[in-house]
Amino acid sequence: MSSTVASSSPSSAKKGGRPSTSPSPWRKKKQKPEVEFPGLRSLNGKWGYLFIAPFVVMFLIFGMFPVIYSTIIAFYNYDPLAGAGGLSLEGQPFVGLDNFVNLLQDDRLYTAIGNTFDIWFWSTFPQMIISIALAAVLRNRFLRAKTFWRTILLVPNITSVLAVAIIFGQLFGREFGMINIVLGWFGVDNIDFVEDSFASHIAIATMITWRWAGYNALIFLASMLAIPDELYESASLDGATTWQQFRYVTLPGLRNTITFVLIVGTIGGLQVFAEPLVLAGTTDGGSTHQLLTLTMFLYDQAFGGAGKWGYGAAIGIVITFIVLIVSLVNFLVTRKLAGGDEK
Amino acid sequence: MNIKKLAASIAMVGLALGAGVSSAPAATAATPVTLTIWTFGDVIEPNLVRQYKLIHPEVTLQLKKGDIDPQQNNMITACNSRSGPADVIAVEVSYSGWWRSYPNCFTDLRTMKTSSANANATKGVDKNGNPVDVTYVDSVGVRQPVGTVPSGQSATTIKSNYLPWRWEHGVAYNDSVIGIPTDVGGLEVAYRSDLMVKAGLVTAAQVKNGTARDVLAKKWPTWDKFIATGKTYMSKLSAADKKAGRGFLDSVGTIYAAILNQGTEKYYRNNGTDQGELIYKTNPAIKKAWDMTLKAQDAGIGTRIGQFSSDWNVGMNKGTFATMLAPAWMMDYIKQQAPDTAGKWDIADLPGGGGNQGGTQLTIPSYSDDKQAAWDFIAWYLAPEQQLQVFRTYGLFPSTKVIYNDPSVKDFKDPFFNKAPVGKIYSEGILKLKPIFEGKLNRGIDQAFGAGLGRVISGKKNDKTKKPWTSKDSWAMVMSEVEKLVR
Chain W
1 MSSTVASSSP SSAKKGGRPS TSPSPWRKKK QKPEVEFPGL RSLNGKWGYL FIAPFVVMFL
61 IFGMFPVIYS TIIAFYNYDP LAGAGGLSLE GQPFVGLDNF VNLLQDDRLY TAIGNTFDIW
121 FWSTFPQMII SIALAAVLRN RFLRAKTFWR TILLVPNITS VLAVAIIFGQ LFGREFGMIN
181 IVLGWFGVDN IDFVEDSFAS HIAIATMITW RWAGYNALIF LASMLAIPDE LYESASLDGA
241 TTWQQFRYVT LPGLRNTITF VLIVGTIGGL QVFAEPLVLA GTTDGGSTHQ LLTLTMFLYD
301 QAFGGAGKWG YGAAIGIVIT FIVLIVSLVN FLVTRKLAGG DEK
Chain P
1 MNIKKLAASI AMVGLALGAG VSSAPAATAA TPVTLTIWTF GDVIEPNLVR QYKLIHPEVT
61 LQLKKGDIDP QQNNMITACN SRSGPADVIA VEVSYSGWWR SYPNCFTDLR TMKTSSANAN
121 ATKGVDKNGN PVDVTYVDSV GVRQPVGTVP SGQSATTIKS NYLPWRWEHG VAYNDSVIGI
181 PTDVGGLEVA YRSDLMVKAG LVTAAQVKNG TARDVLAKKW PTWDKFIATG KTYMSKLSAA
241 DKKAGRGFLD SVGTIYAAIL NQGTEKYYRN NGTDQGELIY KTNPAIKKAW DMTLKAQDAG
301 IGTRIGQFSS DWNVGMNKGT FATMLAPAWM MDYIKQQAPD TAGKWDIADL PGGGGNQGGT
361 QLTIPSYSDD KQAAWDFIAW YLAPEQQLQV FRTYGLFPST KVIYNDPSVK DFKDPFFNKA
421 PVGKIYSEGI LKLKPIFEGK LNRGIDQAFG AGLGRVISGK KNDKTKKPWT SKDSWAMVMS
481 EVEKLVR
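Chains as they are written, first to last, in our numbering: chain W, 1 to 343; chain P, 1 to 487.
Misleading hints may appear alongside valid ones.
[Unchecked claim] Just a few of them, taken from the derived set where beta-carbon distance is under 7 angstroms, the chain W residues facing chain P:
#1 D98
#2 F176
#3 F303
#4 G305
[What the hints assert, rightly or not] Beta-carbon label-pair distances, calculated as ranges:
#5 P/T393 x W/Y69: 27 to 37 angstroms
#6 W/D189 x P/N313: 19 to 29 angstroms
#7 P/K113 x W/Q170: 45 to 55 angstroms
#8 P/G272 x W/G96: 52 to 62 angstroms
Treat the hints as calculated values from the structure; they're not laboratory data. Think of the CB as a built atom: it goes at the ideal place given N, C-alpha and C, for glycine as much as any other residue.
Model the full structure from these sequences, guided by the hints.
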């Protein structure tokens with residue numbers, strides 16, 4: 001350390017006479033570091049690696065390695081308790097593509113894909129409308145206690161998923177659930193929000209909407225606030241009503257944000273797990289798999305007592321491909337929208 | 001500081017992290033000893049833990065409570081890496097079939113011998129080091145000493161204390177003993193005597209002199225007769241009662257497991273291999289239990305309430321259902337959930353003769369660091385005297401058959417259950433059962449059949465036929481689901 005100080009002091013002594021009102025360092029271009037480490041000069045550029053090492057090491061252990069290992073065991077009839085144990089594949093029967101062949105013939109896969117997209121649809125689009133409506137209300141310049149309302153919108157989002165699922169599970173109870181009691185006032189028969197396929201998807205979509213509508217409203221609000229006031233002023237000078245202002249000024253301004261929320265929603269939608277697990281009460285998603293989502297299917301096969309780890313890994317790979325396809329669609333849609341903006 | 005040193009120290013941190021993940025904590029010292037116990041529910045009772053602390057101040061019992069299914073995954077992970085911070089693990093009966101295929105994950109308890117640690121277990125030492133007598137107060141207020149365990153006891157020598165069919169749950173396919181049974185569920189019918197009187201099935205005088213439970217048991221010696229009795233009960237209900245969803249039995253789905261457990265075979269046949277032979281397609285007992293359950297459903301004797309739901313707890317108080325199939329541990333549950341119904345409940349024999357639901361074994365994993373201390377603890381905890389204490393203080397039914405003739409079991413009458421001789425009723429039912437073989441994927445197959453019955457019972461629509469699920473269609477789906485499971 002002493003050598004470092006020694007080498008840096010002469011250089012600062014040289015600059016000593018200069019007034020300290022030099023321009024801010026970040027305005028300088030390509031300035032050499034003032035403190036140098038002689039003997040370590042060749043390593044200077046490598047310090048960065050050290051700083052990102054904690055993440056990279058953790059990612060390699062907990063992110064990359066499981067991906068590679070599960071890809072390998074997807075080709076085995078893997079049983080962690082048989083063979084040599086540990087990570088060794090010794091004694092594990094290699095089955096080639098059997099897991100994938102079986103999986104593509106497994107009707108549960110298609111049920112799970114259908115359920116996942118159904119839940120995604122019913123949780124994304126109504127939520128979008130609610131979020132934009134909430135944001136429009138919050139944008140109102142005469143609204144009082146703005147921070148309070150904005151904060152309160154985030155409360156559902158910081159609630160534990162499990163707590164949400166348990167509370168909503170009680171609200172959706174068939175015999176004494178509050179929603180059925182209220183529906184009963186209007187002469188609607190008790191709806192079975194767990195066993196009935198469509199109703200159960202609506203129940204899950206409601207939980208997701210409740211949790212995320214406020215969060216997305218804040219994103220929409222930020223985007224709305226970025227729309228210049230002049231546009232509204234000129235619109236009202238032209239005689240536009242509030243609705244017309246919303247339709248022709250606000251909504252076009254939100255286009256990119258809508259795309260963003262859609263993409264984030266798609267990623268979340270493909271990962272829906274805790275809500276259907278708690279509502280169904282079993283890992284298989286109910287008696288006709290009406291609540292089985294893709295991630296639940298993976299969990300059920302690998303960790304739900306079935307002991308089919310290789311099969312579960314194969315499901316994981318299929319999910320990866322589904323995500324890839326969805327991302328591609330997202331990418332194409334986004335590019336088209338962005339291109340539309342330029343015109 | 002130079003970069004090499006820095007890199008080295010980071011590598012050290014990395015190594016330490018890696019080691020923390022893979023290696024077991026060092027608890028190999030002879031004294032003091034920490035025994036880590038993976039358990040769930042009330043398998044390990046706190047009173048006995050306190051007593052063991054008095055006998056063995058040097059032993060720390062560390063209870064890690066979880067749920068059955070997540071714990072199963074933890075056990076798989078631990079056995080896969082041949083390491084895990086556990087010395088004693090509680091395995092539920094529904095997973096005992098799974099673990100009998102993997103005896104290498106456990107210590108063969110035939111090879112263990114108790115030390116002299118508990119030979120004089122009635123004497124202990126308190127916190128200040130003063131000698132104390134280790135005793136407890138039983139349900140009638142009498143102070144009882146705890147039991148002692150002589151040295152040199154192995155699984156082979158204590159086997160004769162236990163119910164043979166319960167003992168089998170802890171035996172692996174290669175005959176090694178991997179678990180010792182704790183309690184036994186048993187299964188009888190809990191019923192509301194006030195509702196039975198109202199329906200005219202028994203008279204108030206019979207309830208008062210305690211003969212009502214025999215009268216009812218004679219009405220339902222078989223499941224057919226049980227359903228017929230249920231129909232009679234339903235015919236006595238008013239239209240308003242029916243509209244309010246009242247029924248004879250809380251949940252008809254429970255009949256399935258009750259009947260299946262009365263047989264000798266379920267989904268597997270023991271052929272001495274680690275996998276067992278699958279017989280779920282051909283075993284007539286399964287179809288019989290299935291059909292009987294749906295017969296009860298068609299007879300309309302059940303309510304639409306699911307067990308252990310909040311609706312169920314409410315129904316227990318309100319008398320929404322007149323009967324439920326109750327393991328011994330359920331009595332305590334009823335007392336807690338419906339304290340105001342004291343004296344109204346009673347216990348009668350199960351149709352078809354005896355039944356069981358639930359139970360647990362204590363095992364020592366092969367990767368335990370302190371097998372000797374663990375075996376000393378298990379042998380003490382599951383000794384007949386301690387099981388008797390658990391029955392006296394918690395109402396869990398012991399699987400040590402040698403104490404069924406003890407007056408505090410045989411003559412035990414529960415005031416909450418209209419002074420029913422529950423000790424006698426349950427022990428007689430339990431002794432009628434034969435060993436039943438639990439195969440590897442027993443729990444998963446059970447869930448598939450349960451879901452199959454659920455589809456029909458809930459009146460759910462079949463998406464293909466647009467009509468409610470029929471027994472035949474649902475059975476076909478169960479077959480295809482189980483085929484995928486065992487593939």
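Status of the hints after comparison with the structure:
no.	hint	result
1	D98	9 angstroms, violated
2	F176	6 angstroms, holds
3	F303	5 angstroms, holds
4	G305	5 angstroms, holds
5	P/T393 x W/Y69: 27 to 37 angstroms	48 angstroms, violated
6	W/D189 x P/N313: 19 to 29 angstroms	24 angstroms, holds
7	P/K113 x W/Q170: 45 to 55 angstroms	52 angstroms, holds
8	P/G272 x W/G96: 52 to 62 angstroms	31 angstroms, violated
Hint compliance for this structure: hints 1, 5, 8 are not met, and every other hint is.
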